[in-house]
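Peer 1: Use the sequences and the hints to build the structure in full.
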Amino acid sequence: MAKNLPKTGLISWLTTVDHKRIGIMYALGSLFFLIVGGIDAILMRTQLMVPNSTFLSGETYNGLVTMHGTTMIFLVIMPLSAAFFNYLVPLQIGAPDVAFPRLNALSFWIWLFGSLLLNTSYLVQQVPSVGWFAYANLTQKQFNPTHSVDFWILGVQVVGLASLIASINFFVTIVNMRAKGMTLLKMPLFVWTTLVTQVLLFLSLPVITVALVMISFDRTFGTGFFNPGLGGQVVMWQHLFWIFGHPEVYILILPAMGIVSEILATFARKPLFGYTVMVYSSCAIGFLGFAVWAHHMFTTGLGPWATALFSAATMLIAVPTGVKIFNWISTLWGGQIRFTTASLFAISFVAMFTFGGLSGIMHSSPVIDTQHQASYFVVAHFHYVLYGGAVMGLFGGIYYWFPKVTGRMMNEFIGKTQFWLYMIGFNLTFFPMHFLGLEGMPRRIYTYAGDQNWNFWNLCATLGAYITAVGGALFFINMLYSMIWGAKASADPWDGRTLEWSIASPPPEYNFAKLPEVSQLDDWWYKKYTHDGKRLTPPQQPVVDISSIHLPNQSFWPIFLAGGITMIATGFVVSANGVMISLIGVALTVASTYGWAYEEP
Amino acid sequence: MSESAHHFQTSTNIENRKFAMWVLIASECFLFGTLIANYLINKGRSIAGPTPQDVYEIDITTLSTFDLLMSSVAMVLALHYCKEKDLRKFQFWTFMVVLGGLIFLGFQYHEFSTFVLKEGLGLSTNIFASSFYLLTGCHGAHVTVGVLWMSSILVTSLIKGKEWFNSDIVEVAGLYWHFVDVVWIIIFTVVYLFVYV
Amino acid sequence: MQQPAFDESSYKLFDVSWDAPMDTISGLTEWSRDINSVYAITTVITIFVFFAVAIPLIWTLVKFKSKGDEQTPPKQFHGNTTLEILWTVIPVVLLLFIAVPTWRILFKHAHTPEGAMQVDVIGHQWWWEFRYPQNGNIITANELHLPENTPVVFRVWSADVIHGFWVPKFGGKMDANPTAMEEDGITPKRWSVLNIVTPSVADANKKGGEMYQGQCTQLCGPSHALMRFNTVVHSKDEFESWAKTANTPPAVETTLAKAGEQVFARCQACHAITGTPSEQIPGPKIGPNLTNFGNRKYLGAGTRLNTMENLAAWLRDPASIKQGSLMPNLGLTEEEIQQVSSYVRLSTTKTY
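Residue numbers (my numbering), protein chains in the order written: chain Z, 20 to 620; chain C, 4 to 200; chain E, 293 to 644.
Just so you know, nobody snuck in bad clues.
Calculated cross-link-like contacts (lysine-lysine; reagent style DSSO-like; alpha-carbon spacing at most 27 Å):
1. Z:Lys547 <-> E:Lys357
2. E:Lys355 <-> Z:Lys435
3. Z:Lys507 <-> Z:Lys26
4. E:Lys359 <-> Z:Lys507
5. Z:Lys547 <-> E:Lys367
Derived Cβ-Cβ restraints for the label pairs, each shown as a range:
6. Z:Cys302 <-> E:Asn372: 16 to 26 Å
7. Z:Phe432 <-> E:His370: 27 to 37 Å
8. C:Gly36 <-> E:Lys355: 49 to 59 Å
9. E:His370 <-> Z:Asp514: 11 to 21 Å
10. C:Gly47 <-> E:Met503: 37 to 47 Å
11. E:Phe343 <-> Z:Asp514: 24 to 34 Å
12. E:Ser329 <-> Z:Val598: 55 to 65 Å
13. E:Met503 <-> C:Cys32: 52 to 62 Å
14. Z:Pro525 <-> E:Ala332: 47 to 57 Å
From chain C, some residues computed to sit far from chain Z (all C-beta separations above 10 Å):
15. Tyr59
16. Phe69
17. Leu72
18. Met73
19. Lys165
Don't read these hints as lab results, they were simulated from the structure.
For each residue, glycine too, the CB sits at the ideal point set by N, CA and C.
Peer 2: Right, here's the structure in full:
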């Protein structure tokens, strides 16, 4: 059935196995959820603008807290990073596609359906309200009798499955599909951080999978894993969640680090400073990321020895991170820095991430952490790292690669306006939160009394959020404007260094007419310049007969299989006929698996 | 399950699907690691009985362990004859793998039903039971997937006959099957034998 | 209909002082002073690192800004081993300056001193229960009374979901984790421990001690924000007299209060008052102990001032002030509200 499917139109997108199209769909999906998560944030900030506000109720506010965190992490930063993995990794390693194109499509559809499942909770007004790390035993049926928590469990479970499949796919792609001559230490740094991210994903996701199954069992079958009355322990959930959750933090930041490394090198027109050390420090961050989970639990009462050990491991992470920051600055040193929107975002990443890292060092000391934990100081910290860090880096990536993807340049004037609105708004929102934390404002409170000396800083934070929202709106306007009226982009508009700039913008479906051969790091740069800076004429892509290039066939099975898997999960969040829906899901899953297996790829 | 360009020269010379299976196995190690750790932490925390000592039938489980080990041997032979392109022997040993898996699942069905019906140990009876069923049930699900996979291979080879000697697929399925066996050896040791330590 | 959670108090948009009711940096106890000493070191180091990053970054951006007319690209250099070793080693040294005092203080405060006064802190959705096993088994709620300059060991746990016990001016917090209970349903099997030495009372002549605010720090349901409490530190004498009255049965004198005593029969499944039939009902109480309620400054877990008006508003519909409150709307008439209010509020034996 896969033969002769249309190459354009809706069906072509539903059946596509092209990594570039899947990347675009990931990007559009995650940008949609960026709006959703952003609205959550604006509503929360509006509630907190003044003390004693009754704009939202406690339950609604808790729902927004939970959905904002879950959305931004699982439905925005992770899939937006995945969009970059999809679009760029095959291009940067000189491959025709990923190792498993249909699995790649499957990951996307599972992610999309899982995201929609999670967001259905808004429609049925059973919004999970237990926080994005859903500490047991608030998640027990006794305390949350509706399906709200089930939506969270199954949404995260399904989205996690998508990431697991994608991580295996990308790990194999990077290790196995590199162009001739591209040894591991000749890969662009973005490919390296992607590789480390995939390892973190496929090793940490199983842990959360088990933990989620355990709460599902508690809620559905009455087991007592997290019910102290039945012998369970609530702290067990915290361990399991953070064994996943801390690597997850690096899963969120490492791709942005890779993107920023690419952008800074391009716009300084210099190689990345200390490339090898950057690779090792990425690996070190990934490795240490598994040994520090309990620093989220310094106030749980772990005892001094465990606390001391985990604090030592946490402090160690500052070392490879610090190395990276100085290497980025040194990358700029001696360059010819061009200030485009992309490079501004990348530079702001370095600054904001450093700032978030410094408050992170404070929390690595458990004695300080007992004062900052669960206060607005921590809220400030992780927004500096994940928003000022990861999201700014990803925005830089969008501005940087937009011409490659669409063949048009993004508007620099709107872009720079957005950048400055973001910088001002972001810092106005989150810098005062340090003060709020020091003045004792706990996180996740939906209202506060007027006599706490928190009023001014909360007002600032809310105004900052509104400014950021304007910046966000400009970004979407810019995307639409540039898609239609943007200046035409050449194949290599930024004078780039990596292989994706050696082919047309947008790239042809088959990527490379002839698979490239690579002899050094930044190979494409040295096809354009000699080592002492003389211009060379870069080789053109050969003209080939397109019909001679074998491309994987389009397929309906990924979307069917993803639908089946999501239906199984849906059975757990409906009150009536749940078993029936799950069983239909099982049938669809099995049928699609067989259809897939016996289809000619 | 044939995926990706067959003729693509991979950077490591390891076929993509085989590589992917190794990566999946790494991931599964963390899955079973978590489940086993959870079992070890929780097995003694039950508020009420029955306890592990009350319910385990070590002789029967030893038998089912032996059966699963033998199916791994059958798997080795099936792959060997697949590479040798000996259709009959390949099909026979593939059948033996499926049979071994089914017998193991039969043992597990017997074990679970005895626990539930005779010993009164349901999924939510106590936290030992919950952790035990979660761990062994997850393993049983893996065996079930393996049985389905191997029987699909068997049926395919029966239909397609001599042209179908896809040793790549059999090797990947074999990796999976051996992994599931190794996990069982660990579960057998940690869950069933450590009771007597 | 949702009402504002707190009394409309004097609203000041901006107060330049750091002296917030819950600030973390006042350093009143040894525990919080020790935390602040590490925090001070860390702040100095992080400010140093901040400038060590910011100055080179900004300088680089200014110095190497493209003129836009470069004919050849800059020199393509790939690294500098000496520099890279330098900025690996220096952070390690700086971190040691944070790590060593951290661990010293961590172990110092993990130890409970001899003869420390034991207070049990139990989190509930959404209020705090305090028990004093060494002081005549006082049970009280939302107002923690302590003698000055006394080592105290808090045993912290929760009756339902996880809560966080935090008095910022006293130092770091401790989670209140739910636990399995012994047979009696009151004694926990596990708890966490927090050690502090209480501060002195600055003005010994002031009646009623010094009040410090605390709040729950773990998301625990819809009214997580309304789970506050007050800690009152007394001179030792004053604490003794508080402990005595805290266990004194109410003095029911007025007819209104006598009628209220009858109404209270409907409350006693959940609320206990010392020396009344409510104590005879077995099992743990799910609502706060209301003995000498009139001595408390706030009601509703530190949300509103304890006045007749506020108490009446609370009794009319608890959930309108505290969403999800486990206290149902009892459908009391205005008259009954007046009666039961005067019983629980006005029949109190005054401590000071």
